[in-house]
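S.K.: Chains as they are written, first to last, in the working numbering: chain C, 1 to 1222; chain U, 1 to 99.
Simulated from the structure, these hints should not be mistaken for laboratory data. The structure presented is a predicted model; accordingly, all values stated were derived computationally and were not measured. Hints may contain errors.
[As the list claims (entries may be wrong)] Each computed EDC-like pair below joins lysine to aspartate or glutamate, with the alpha-carbon atoms no more than 16 Å apart:
no.: 1; chain 1: C; residue 1: 747; chain 2: C; residue 2: 364
no.: 2; chain 1: C; residue 1: 622; chain 2: C; residue 2: 570
no.: 3; chain 1: C; residue 1: 773; chain 2: C; residue 2: 410
no.: 4; chain 1: C; residue 1: 194; chain 2: U; residue 2: 79
no.: 5; chain 1: C; residue 1: 814; chain 2: C; residue 2: 364
no.: 6; chain 1: U; residue 1: 81; chain 2: C; residue 2: 198
no.: 7; chain 1: C; residue 1: 1004; chain 2: U; residue 2: 82
no.: 8; chain 1: C; residue 1: 194; chain 2: U; residue 2: 29
no.: 9; chain 1: C; residue 1: 773; chain 2: C; residue 2: 412
no.: 10; chain 1: C; residue 1: 548; chain 2: C; residue 2: 264
no.: 11; chain 1: C; residue 1: 309; chain 2: C; residue 2: 873
no.: 12; chain 1: U; residue 1: 81; chain 2: C; residue 2: 1007
no.: 13; chain 1: U; residue 1: 81; chain 2: C; residue 2: 201
no.: 14; chain 1: C; residue 1: 1042; chain 2: C; residue 2: 167
no.: 15; chain 1: U; residue 1: 81; chain 2: C; residue 2: 191
no.: 16; chain 1: C; residue 1: 1020; chain 2: U; residue 2: 82
no.: 17; chain 1: C; residue 1: 976; chain 2: C; residue 2: 410
no.: 18; chain 1: U; residue 1: 81; chain 2: C; residue 2: 1203
no.: 19; chain 1: C; residue 1: 103; chain 2: C; residue 2: 78
no.: 20; chain 1: C; residue 1: 983; chain 2: C; residue 2: 217
no.: 21; chain 1: C; residue 1: 365; chain 2: C; residue 2: 811
no.: 22; chain 1: U; residue 1: 81; chain 2: C; residue 2: 204
no.: 23; chain 1: C; residue 1: 1004; chain 2: U; residue 2: 29
no.: 24; chain 1: C; residue 1: 978; chain 2: C; residue 2: 114
no.: 25; chain 1: U; residue 1: 81; chain 2: C; residue 2: 217
no.: 26; chain 1: C; residue 1: 479; chain 2: C; residue 2: 196
no.: 27; chain 1: C; residue 1: 54; chain 2: C; residue 2: 114
no.: 28; chain 1: C; residue 1: 692; chain 2: C; residue 2: 446
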Amino acid sequence: MYVKRIVIQGFKTYKNTTVIEDLSPNLNVVVGSNGSGKSNLFAALRFVLTDAYKGLRREERHALIHQGTGSVMSAFVEIEFNDPEGQMAISTGLQVTQAETIKVRRTIGLKKDEYSINGKTCHKGDIARMLESVGFSPSNPYNIVPQGRIVAVTNAKDEERLSLLEEVVGAKSFEAKLQESLNKMETTNKDSAKIEAELTELQERLDELDEERRDLEKYQALERDRKAFQFLLYDRELNEVTNSIEKVEDEYSTTLKSSEKYIEELEKRESLVADINKTLQKTEADTKIKEANDLKSEKARFLEASERKATLQARYKEIQKQSKEYNEQNVIDRKSLAIIKEEIKKKEQELQELTPRFKDLTAEKAHYKNQISELENIVVELQSKRGKYARFETQVERDTWLGAEMVAVEQELIRGEKELQEVEFEIQKTADVMAELNQQIDELSDSVSGPGIEAEMQDLDAEIDACKNDYLHRLDERKELWRAEQKLQAIRSSSSDALKKSERDLEETMDRGLASGLRAVNEIVERLKLPPSSVHGPLGELLKVSPKYKTCAEVVGGNSLFHVVVENDEVASILMNELFSTKSGRITFIPLNRIQTRANIEYPSNAEGDCTPLILKIKCDKKYEAAMNHVFGKTIVVRDLVTGSRLAKKYKLDAVTLDGDRANSRGVVSGGYHDYHKKAKLDCLKEIMSVKSQHQKAVLECESLGDQVAEIDAAIDQANSKLKQCAKRKEAIQTDAEQLRWKLNKKRSELILLDQDAATLRQKREKLKFSLKLAQDKLAIYGDDLTKPFVNELSSDENQQINELSRKIKESTKIFTRITEDLSSLINKLDNLNAEIDSKLKPQEKYLINFLDEMNEDSMAMLKQKLERLEPEIKDAKALEDLSRENLEQTRNELAKLKEESTNNQRILEKANSQQRSLLKNLEKFQKDAEKVIIRKTTLSNRRDELQQKISEIGLLSEESVAQHERLGSSEILDKLKAVNNKLSSMTNVNKRAIENFKRFSEKREELVGRAEELVSSQKSIEQLIISLKKQKVEGVETTFKKVASNFTTLFEMLVPNGKGQLLIHRREDNESTQSSKKSKDSAASRRDDYIGSAYSGVSMKVSFNSKSNEQTYVEQLSGGQKTVCAIALILAIQMVDPAPFYLFDEIDAALDKQYRTSVANVMSRLSSNAQFICTTFRTDLLQVANNFYRVKFENRVSSVTEVSKQSAINFIQGRNKLGDI
Amino acid sequence: MNGNGPLTQIWLASNMAHTLPKSVSQNTDIVASVREIAKVAGCTSDNANIEPVTLRASGELLHGVVRVYSKQTSLLLNDIKDTLARISSLFRSNQVPIT
Ligand SMILES: Nc1ncnc2c1ncn2[C@@H]1O[C@H](COP(=O)(O)OP(=O)(O)OP(=O)(O)O)[C@@H](O)[C@H]1O
Ligand SMILES: [Mg+2]
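Kindly generate the complete structure, drawing on both the sequences and the hints.
M.R.: Dropping the structure here:
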């Protein structure tokens, strides 16, 4: 162990944190100028490790803390020890984390002063003990030798040296411990004395206890007697009580039997009530359905029918009115037509009368006109003959001109004929076109209103009618279906209500987890779409059992009735996982593939007892047989429990009575009052099954109806579209006809135009013919003239002729004028007549005729047709209305009947209920009786239990003690008991636990006494040890002293080869004889007291420096340097015997000359292999042998330490010495 | 020395500044311990081969064993007192009559 690292801060000159690291475990030397802080470094170490700085006052602390610029308020010094074996750590008792090193730190402030080991605050004593345990005694003054203190060793008194030696041996601490031990022993001995006293008292107490024990034994004998008496009494009472219990049980069973009758009755009533309720519910549901659906629908239908009828009738009436109006109009029109016709006739007659005159006049006019023009022509001819030929001189001239004129006329003729031909052709062409047009018109009118088109139209109409009928029919059908659907929906909802109710009933028979589980199973099956054949449902649903065995099955099945049967374990695990993940209840599953058919179970033959296996009474599907066997297989039905339990035990089966009382193979019997009011699980399950099937049927029907409705919808759509198609086609045909009619009209007008053209052409032809005739006449005249001789002048004949002619012309003209006038007036008249006929009467007539035609043929027929058509419709509507009314009436009747039924049922129900109430009252009375009996029974059995308890409390009794008193009568026993009790009560003070306590405490005492004896022997051995240790101590001091003395001598010889040193020990007797020495001891009197048994009084040194043989001198007479050598020798000698881990020497070689310095350095170098040395020096001798070197510098009143090389340390010292030499 | 079995408890008893636990004192056989101490301290002559411990150490051991002894004594005393008290209480309760 050695000092490894030192950290100083704020201590004296070490203002800053100063770290001295990697100190050598051997010899370390510190150098530095005077006043640089070397001693302060040592002071710092002492500050931590020794008692030197103990109990500091405020000023002293102040002196330790650095003073100077910058305020330092606290200082600390930390020393880190190398402690690889953990030697130090273990002795502190503190938990040390770092085994390698121990850091000891002392921190000082103006107020505080604390120590810590490895950062943990601790007490100074802890550190002292720790250091001591590794051999560094804080009280040893020579481990750390301050500057100038080395001589103190040599100057010390003999006693001090002795104490140093004793210190080395450890005597001091031993003495202290010894003293402490002795003190402790003394106090302990006092305790021992006390122990003895207490033990005696204990013995006394025990004696008392012993006495009590004897009392107790007597008491117990009496007690035994008393118990015997009590037992006898109790036993007798017990017998009585048992008998009365049996009696009460008999009573109870009779009561039960009679109540059973009532219960049966009650049950019957209950089922009756349930039936009535069911029918009531059904009738109510029916009523509701009838009311909501049938009645409503019938009403609606009736309303519809009557409405339809009304509209039809109204239409019929309207049509009738229309036809009447038409007829009236017809008559009026006919009349006016007749009038008009008459008028026309009249006018035409008039016209005809006028026509011959007109013809005559016209002919006359033409005649006169021709005559006049002929005459005029002759006149002109004559005049022109004169005039014409007047310009000609000769005949030739005239003839030539005539010839030319004739040629011209001929040519004109030819041209006229040609033109005529053309006109004729034109006329012919027009006639052709007209014929063609006429044909076309015929055709068109044929197609507009021909029989073909009419037939087509009629067909279309018929088709449309058929479609319409079909459509309406379908609509009716759909309405019918809707009604049915509504009804079914109502049924379905009521059936689903019933299902829910049954499910609730079922749930009442089981606990909630099971119920929710069952529900969840159904949900899961639906959700996961598991095939219905994989989950079969609860076991109870799958079996059928006759009512007689229902209770048995129910009791035996128990909750197994709700175990869900599934196809295989896979399904079961799916369901189970699902149930687990949705946290919805627990269900037991019976996978059919896992159920093993039980080996044939042996059932008792009928001869052996009246019994039958329950499984034979349960019917089910073949595939569920194994499951049923699993649940019911081991059970037989018996007539009564006695045979049941016998058979059960014998055949290892379970037995059940018809009432549901059970006995199993282990002999356990269960049964008792069965709650008949509660719904049976099996009934509930059956109910659910039937309701479920009903519900499913309703749902199915609903679905099929929905399908039908959809079908009808489609049919309706189809009919509708067909109808539309027909209507479209009809419309198309009509538009076609319209177009054709328009075309026809156009053609007709065209024809009229052509007719006019033809007339014009004919006139033109007449004109041409006339002009041709004129030209021929002219030609004939010219020919005639040519043959005549040329005359220049008119003959008188001719003049005369002209005159004649002129006169004739004048006459003719006169007549012509008159005829013309007549004619024009006649024409006027004719024109008037014609106009009247053509523009007024004829159109009127035509209109009327047309109108009448239309009237008669189409409209009337149509109206009639309509009427005809309407009539059957009205009839149908009427029939329908009647039917609906009838239906309505019927429905109403039915409703009334239903209501009546329901009120009837209600009455019955009320009656049944009241009967049931009275029954229940009776039953209650019975139950009360039964309860009373039971209460009596309970009190009796309580008493019995009490007695049994008491008997068992009395505990085991010896036969003889009972038998001894057996023959005594109860009263005698009572007397005796009383006497015994009296005796016992006089002994109440007896300690019941005396025996036990006595035993316990005796044992305890023995143990205590043993321990006390042991302690006495311990004490003796310790005392022995103390004596021998004291002796050991003395011996130890002596041997140590011997060793130190011899070491001293050898060391001294090493240091002073020529001299001789000796260490002497003085015995006490020597000193006691001398007064002076005794007096000198007074100062240390207190210390001396500690040294009890010390045989020595002091240690002195005797040395000689120059000869081995010479008289040795005491150290007091030596020089300073010699003293130092002695001191060093002594210190090192002790070190060899009791090695301290490290030494701090501050300038121990200051007073030595070169020779001693060298030898001291050598010795220290040798010893440093076993212990660490830290020295300061101003000489090079020590440096030569040292391992590590440190230099202290002092700058700005602050010290710092640096590690330096050997050479630089030597250089520093030599430089300083030279300086000093100068 | 610290590790060598029989005296570890004694050594700790000496060094432990405060009260020593009951179990330590109850489980220690003082006579045997004393014999052992004498052996290591070099009092008995039969063990020359063993280097005797220092006086300081034997002082510690002595102190330790005395402490244990003292503890045992006080424990015993307490036990006896306790027993006595219990017996006395027994008598006291007897004064109440039992019916
Ligand atoms: N509390 C303090 N604060 C500041 N300086 C201090 C304090 N106490 C002492 N000193 C200074 O420390 C110096 C003494 O140093 P130290 O005794 O260590 O010198 P040294 O190196 O041993 O010299 P030498 O070689 O003469 O023995 C003095 O100068 C003194 O002023
Ligand atoms: Mg100094």
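S.K.: If a hint holds in the structure, say so; if it doesn't, say that too.
M.R.: Evaluation of the provided hints:
1. For the hint pairing residue 747 of chain C with residue 364 of chain C, the CA-to-CA distance comes to about 42 Å; that exceeds 16 Å, so the pair is violated.
2. Note on residue 622 of chain C and residue 570 of chain C: the hinted pairing is violated, with a Cα-Cα distance of about 21 Å set against a maximum of 16 Å.
3. With a CA separation close to 12 Å, the supplied pair residue 773 of chain C and residue 410 of chain C stays within the 16 Å bound.
4. For the proposed pair residue 194 of chain C and residue 79 of chain U, the alpha carbon gap of about 12 Å is at most 16 Å, so the pair holds.
5. This hinted pair checks out: residue 814 of chain C and residue 364 of chain C have alpha carbons roughly 13 Å apart, not beyond 16 Å.
6. For the proposed pair residue 81 of chain U and residue 198 of chain C, the alpha carbon gap of about 7 Å is at most 16 Å, so the pair holds.
7. At most 16 Å may separate the alpha-carbon atoms for a hinted pair to count; residue 1004 of chain C and residue 82 of chain U meet this at roughly 11 Å.
8. A threshold of 16 Å between alpha carbons decides the hint, and for residue 194 of chain C with residue 29 of chain U the separation of about 22 Å lies outside it, so the pair is violated.
9. About 11 Å separates the Cα atoms of residue 773 of chain C and residue 412 of chain C, which keeps this hinted pair within 16 Å; it holds.
10. For the hint linking residue 548 of chain C to residue 264 of chain C, the alpha-carbon distance of about 13 Å falls within 16 Å, and the restraint holds.
11. Of the supplied pair hints, the one linking residue 309 of chain C and residue 873 of chain C holds, its CA atoms being roughly 8 Å apart against a limit of 16 Å.
12. At most 16 Å may separate the alpha-carbon atoms for a hinted pair to count; residue 81 of chain U and residue 1007 of chain C meet this at roughly 14 Å.
13. Simply put, residue 81 of chain U and residue 201 of chain C have alpha-carbon atoms about 10 Å apart, close enough for the 16 Å limit, and the pair holds.
14. Among the hinted pairs, residue 1042 of chain C with residue 167 of chain C is consistent with the structure: their alpha-carbon atoms are about 15 Å apart, no more than 16 Å.
15. Annotation: proposed proximity of residue 81 of chain U to residue 191 of chain C holds, straight-line Cα distance about 12 Å (limit 16 Å).
16. Under the criterion of a C-alpha separation no larger than 16 Å, the hint pairing residue 1020 of chain C with residue 82 of chain U is inconsistent with the structure, at around 26 Å.
17. For the hint linking residue 976 of chain C to residue 410 of chain C, the alpha-carbon distance of about 203 Å lies beyond 16 Å, and the restraint is violated.
18. About 69 Å separates the Cα atoms of residue 81 of chain U and residue 1203 of chain C, which puts this hinted pair outside 16 Å; it is violated.
19. Straight-line distance between C-alpha atoms of residue 103 of chain C and residue 78 of chain C comes to about 7 Å, which keeps the hinted pair within the 16 Å bound.
20. A hinted pair counts as satisfied when its Cα atoms are at most 16 Å apart, and residue 983 of chain C with residue 217 of chain C qualifies at roughly 14 Å.
21. Among the hinted pairs, residue 365 of chain C with residue 811 of chain C is consistent with the structure: their alpha-carbon atoms are about 13 Å apart, no more than 16 Å.
22. Between residue 81 of chain U and residue 204 of chain C the alpha-carbon distance is near 14 Å, which keeps this suggested pair within the 16 Å criterion.
23. The suggested pairing of residue 1004 of chain C with residue 29 of chain U is violated, with an alpha-carbon distance near 20 Å, which exceeds 16 Å.
24. Restraint check: the Cα-Cα separation between residue 978 of chain C and residue 114 of chain C comes to about 84 Å, which exceeds 16 Å; the hinted pair is violated.
25. Our distance criterion of 16 Å between C-alpha atoms is broken by residue 81 of chain U and residue 217 of chain C, whose separation comes to about 29 Å.
26. For a cut-off of 16 Å, the pair hint linking residue 479 of chain C to residue 196 of chain C is broken: about 122 Å separates their Cα positions.
27. Proposed proximity of residue 54 of chain C and residue 114 of chain C is supported: the alpha carbons are some 12 Å apart, at most 16 Å.
28. Using a Cα cut-off of 16 Å, the hinted pair residue 692 of chain C and residue 446 of chain C is violated, with the two alpha carbons roughly 74 Å apart.
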